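Visitor: Read off the chains here:
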Amino acid sequence: MSITPPQPANGHEQERTIVFDDVAIAFDENVVLDGISFTLHKGETKILLGVAGSGKSTILKLALGLIKPDRGRVWVLGQEVTAMREEELSDLRRRIGMVFQESALFDSLTVRENVAYRLLEEHVSPEETEQRVREALRFVELEHTLDLLPSELSGGMRRRVAIARAIVTQPEVLLYDSPTGGLDPVTSTTIIELVVKQRDVYHTSALLVTHRLQDAFTMATHYFDTQANEMRPLPDNKVNLDTTFVILRDGKVIFDGTTLELARSRDEYIREYIS
Amino acid sequence: MEIVSPIDYAKESVLAVQEYAQLAGRSVANVFAHPRYVSDTLQQADSIGVGSVPVVVLTGFFTGAVLALQSANSLARFGALSLTGQLVSLSMVRELGPVLTGLMVAGRNASGMASELGSMKVTEQIDAMRALGTDPTKKLVTPRVVATVIMLFFLTIISDLIGLCGGYMIAHFTLGLDTYQYWNTAYQSLVYADVFMGLTKPLLFGFVISTIGCFYGMNAHGGTQGVGRATTQAVVAASVVLLVVNLLYTRLLLSVFGMH
Numbered sequence: 378m379s380i381t382p383p384q385p386a387n388g389h390e391q392e393r394t395i396v397f398d399d400v401a402i403a404f405d406e407n408v409v410l411d412g413i414s415f416t417l418h419k420g421e422t423k424i425l426l427g428v429a430g431s432g433k434s435t436i437l438k439l440a441l442g443l444i445k446p447d448r449g450r451v452w453v454l455g456q457e458v459t460a461m462r463e464e465e466l467s468d469l470r471r472r473i474g475m476v477f478q479e480s481a482l483f484d485s486l487t488v489r490e491n492v493a494y495r496l497l498e499e500h501v502s503p504e505e506t507e508q509r510v511r512e513a514l515r516f517v518e519l520e521h522t523l524d525l526l527p528s529e530l531s532g533g534m535r536r537r538v539a540i541a542r543a544i545v546t547q548p549e550v551l552l553y554d555s556p557t558g559g560l561d562p563v564t565s566t567t568i569i570e571l572v573v574k575q576r577d578v579y580h581t582s583a584l585l586v587t588h589r590l591q592d593a594f595t596m597a598t599h600y601f602d603t604q605a606n607e608m609r610p611l612p613d614n615k616v617n618l619d620t621t622f623v624i625l626r627d628g629k630v631i632f633d634g635t636t637l638e639l640a641r642s643r644d645e646y647i648r649e650y651i652s
Numbered sequence: 496m497e498i499v500s501p502i503d504y505a506k507e508s509v510l511a512v513q514e515y516a517q518l519a520g521r522s523v524a525n526v527f528a529h530p531r532y533v534s535d536t537l538q539q540a541d542s543i544g545v546g547s548v549p550v551v552v553l554t555g556f557f558t559g560a561v562l563a564l565q566s567a568n569s570l571a572r573f574g575a576l577s578l579t580g581q582l583v584s585l586s587m588v589r590e591l592g593p594v595l596t597g598l599m600v601a602g603r604n605a606s607g608m609a610s611e612l613g614s615m616k617v618t619e620q621i622d623a624m625r626a627l628g629t630d631p632t633k634k635l636v637t638p639r640v641v642a643t644v645i646m647l648f649f650l651t652i653i654s655d656l657i658g659l660c661g662g663y664m665i666a667h668f669t670l671g672l673d674t675y676q677y678w679n680t681a682y683q684s685l686v687y688a689d690v691f692m693g694l695t696k697p698l699l700f701g702f703v704i705s706t707i708g709c710f711y712g713m714n715a716h717g718g719t720q721g722v723g724r725a726t727t728q729a730v731v732a733a734s735v736v737l738l739v740v741n742l743l744y745t746r747l748l749l750s751v752f753g754m755h
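So the sequence lines, in the order shown, correspond to chains C and B.
Take the first sequence: its position 21, counting from 1, is numbered 398 in this note's numbering, and each next residue is one higher.
Take the second sequence: its position 202, counting from 1, is numbered 697 in this note's numbering, and each next residue is one higher.
Hints were generated in silico from the structure; no laboratory data involved.
Remember, it's a predicted structure, so these values are computed and weren't measured experimentally.
Any given hint could turn out to be false.
To be verified - Taking beta-carbon pairs under 8 Å as the criterion, some of the chain B residues facing chain C (in silico): (1) GLU507; (2) GLN620; (3) ALA623.
Glycine included, each C-beta is placed from N, C-alpha and C at the ideal position.
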């Protein structure tokens, strides 16, 4: 039995953060994923595209080990998630940040307690916790909401707090589940700016699920200017090489490649999808 | 309405029992494992225990009072009115105190646990907790189970005492029984087996109520409607299982202590 993820065919070894190898899962009679394989490399941001119900969010839950596949294997940070017990997964999950679709903030805890949750679980000193919480909230520009409850925040603010909670421990990989879903265009751009900021400032590997194509292309064509503290278009129509795409259809990967490869694709479905 | 085949229904039932047994087992095993959520347990003890005191006091008082009233009617026919204290005492300590307190706590807290955990489940807060590296059974289930077991024990003692007081109020002010006579017969009639039975039952009932409440909450699905369904099922299941466990445990103890 293989205990390491499959090696690249060309022998070129690049540090791999997440590997999906022939993963399949069905809920009752409904086959959601059917032989999914892809690799997320270190520092790469992979955008998962597909219509609603195509299994994008399921991929993130499989990566976290929240659900187990019917077939295939998943490796995250060199460990085979599909072969790990729940107790072992807890340690691995501490190295991963997850932003849930509806934020999933703990509604009985304040913003401070939500963001500090993992630090408190790890018994980090109160001074360091406060400092790191403020730092994470400053990153998402919500430092003034420390003592508010999630119910007192707008949808966009809740999403930003969820990002702060995910990055407070500086995880090695981030999983975003439709971070802009259900938000207005202006707020969506604010959230995408934060994702781009995280990508360009900390170079964290990330899987991002979205069905909003404009968000995906914004990420591919923009960079974060740290001096101006804002997201700007890349000059000369360049694209970000660390941002790649996976497109799902009927439980299978129909595209896995860079922005330029996506733009040049001759597949009829893909051309219609991105048009 | 969808028709489910008997085989599928049987499979689902067996699976549910298996999952319940696993959850109940883990909730006990977690007591001996790190991390221990002491502050969460104390918070639950306050909510479940202190919060249930008013309803338990009222239930105990009126149950003891009506017990004295009803039993006096029968005892008077045999000229044994003076035994009212004994009857109230035995009934409250052995049976009515633990069972009624258990049912009250089941109604109040099994529903609370199912709705609270169910809401967390359908809004992905449980998944978020797992994603943050926390075992939800350690953080959410075990504190509730420990708190319910401990607090139901003390709530039952309060209920027994208040029930005896309720019985005394009726016996003294309505039936004209002497204070000393009532309390003396009430106290003298109790033997070790009665007290043992009355004080071990709440430990079992607390475990049943909390694990069933948590089980339905942790398995809630289908949005707010699903949470409502889980809440109702938790109260019904906890109450019925409590009564069944009561019968089986009473039968067991009667055999052990050689009582009839």
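Visitor: For every hint, state whether the structure bears it out.
Guide: Outcome of the hint check:
This hint is violated: GLU507 of chain B has a C-beta 12 Å from the nearest C-beta of chain C, more than the 8 Å allowed. Because the beta carbon of GLN620 of chain B sits about 5 Å from the nearest beta carbon in chain C, less than 8 Å, this interface hint is met. For ALA623 of chain B, the interface hint holds, since its Cβ comes within 8 Å of a Cβ in chain C; the closest pair sits about 4 Å apart.
In the structure shown, a violation is registered for the earlier hint numbered 1 alone.
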